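*Asks:* Residue numbers (numbering that gives the first Met the number 0), protein chains in the order written: chain U, 0 to 274; chain Z, 0 to 255.
No wet-lab data here; the hints were simulated from the structure. None of these values were measured; they are calculated from a predicted model. The reader is advised that the hints may include incorrect statements.
Not close to chain Z: a few residues of chain U, all C-beta gaps over 10 Å, as computed [what the hints assert, rightly or not]:
| # | residue |
| --- | --- |
| 1 | R127 |
| 2 | E154 |
| 3 | R249 |
If you want the footprint, here are the derived chain U segments under chain Z, 3+ residues with CB under 8 Å [to be verified]:
| # | segment |
| --- | --- |
| 4 | 7–14 |
| 5 | 107–118 |
| 6 | 191–197 |
Beta carbons: idealized from backbone N, C-alpha and C, even for Gly.
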Amino acid sequence: MTPRLLAVDGLCVDAATARATARAAAHAAAPVPILRDVTFAIKAGETVGLLGASGSGKTTLALALLGLLPTALTARGRVLFDGHDLLAAPESTRRMLRGRRLAMVFQEPLTALNPRQRVGAQVAEVARAHGERDAPRAMRKALDMLDRAGLPDAEARARRYPHELSGGERQRVLLAMSLLLDPALLIADEPTSALDVTVQAHVLQHLRAQQRERGMALLLVSHDLGVIATTCARTLVMHEGRIVEDVATRQLLTAPEHPCSRALVDAVRPVARRA
Amino acid sequence: MTSLLEVRGLVVEYPARDGPTRAVDDVSLDIARGETLALVGESGSGKSSLGRAVLRLVKPAAGSVRFDGSDVRTLSGGALRQFRRRAQVVFQDPKASLDPRLRVGDIVREGIDIHRLAPRADADRRVARLLEEVGLSAADASRFPHAFSGGERQRIAIARALAVEPEFVVLDEAVSALDVLVRAQVLALLAALQAARGLTYLFIAHDLAVVERIATRVAVMQRGRVVECAPTAALFATPVSPAAQALLAAIPRIPW
């Protein structure tokens, strides 16, 4: 049996302070999502989708796994990764794991990238931050990774700034950054939601290829079952901060159990197949 | 069926350092009263420029747009005001298209006041009715846009567009920023409003999966041109142009 790479046990995330709670209440239409007793595991090399409507807590879960929660939120429970409890481990341990073993692709590449640095240098910085002392070698690694992430004419594009790239190109830069150190688990939070469908198809294709090639585990966060169903063997359905269903994706498509899962499946069902 | 909108040889250009960039290149199309014409294509293919030119929000470099028989480019005075009332638009991002400092009621009633469609007291009742028609409540009129979710904000934008009793609405990626569940609800709302009010839609989208649910016909754009235009079922069954084929192939194929 493949060992568990990540085991999340009874993870709860709460708004920590009175001030944060008051703010959450004031934004009644967009409440700060709070996780309740989230438990699941991911094995090495497994592809898992995290499906849910906006506000269901998907991004909060992704951030909690990485130890990147905003300070107003506090996490309880256990997140075991590589034998470390990420919630209890010192920041130095988490920093060592992030990038090297556990990487993330964010939804909005324009805010995830530094606007004042050329994108090639930003990818190379990942290598340098994790011990590559030789700058030219770091850059060569970066260019190679940009190329494998599907960035056309990577060498020329590496010299550009983020604003000079299209949304799809920027997302490939993020993908290159996250894959550079060959992580064991990649968390991708709505990596294609801001892209148009044709570009989305290309980015997903590269993501799938890299996942297979590396035997890397993938947690793909999306509200769109179409994106998850073409990429992930298993799906977790999130609703109001809980995991309400944890099944093989195929089974979710044919026999969704939770009403919330049914709604998400119906939303992508082709017109002709709707009852 | 009579055409509400007739576009002939439309060209839209934007100034650029090395000569004008042609965003819309010799486009002709008709939209019949009561139908939904979807306009699809990759980002940058000219969909929004075409939508804006049709509404006279950008000035075309050449070609003509006729709305209910009259040339949109030459309208002025009262006739232009009438056109502004009869043709409305809902944009993609309701965060950007709703004034954050106006209450929802004022946002929705602004058009009613400008076009003097109802006396003050009536206008309030009308706003309340509109908010309920789009699935919000009359009490929401006193709240500000930031208090609403993305889907609710898009409902506000729809209520604002409908407030002036339009016949034609350009929906420019109006559901693209919404998550799949909210998107399905807003699409259902748009279809219900169309049936109740006999509206004509120009539905701009990059996602064919969304279009399949709402469009009567689909026009595919690529590099400023309409390369294919067909009834929705026909386009999905037998796409002819490479652009349409590429868009169809990009829809995630779910292994049902």
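*Asks:* Would E154/U pass as off the interface with chain Z, using Cβ distances and a cut of 10 Å?
*Replies:* For E154/U, whose nearest Cβ neighbour in chain Z is about 24 Å away, the distance exceeds 10 Å, so it holds.
*Asks:* Does R127/U really sit off the interface, with its C-beta more than 10 Å from all C-beta atoms of chain Z?
*Replies:* holds (34 Å)
*Asks:* Just to make sure I understand the rule, a stretch counts as covered if three or more of its residues have a C-beta closer than 8 Å to a C-beta of the chain. Does the segment 7–14 of chain U meet that for chain Z?
*Replies:* violated (count 0)
*Asks:* Closest CB-CB distance from R249/U to chain Z, is it above 10 Å?
*Replies:* violated (7 Å)
*Asks:* For the segment 107–118 of chain U, do at least 3 residues have a Cβ located nearer than 8 Å to some Cβ of chain Z?
*Replies:* violated (count 0)
*Asks:* Are three or more residues of the segment 191–197 of chain U within 8 Å, CB to CB, of chain Z?
*Replies:* holds (count 3)
Consistency with the previously given hints fails for numbers 3, 4 and 5, ordered from lowest to highest.
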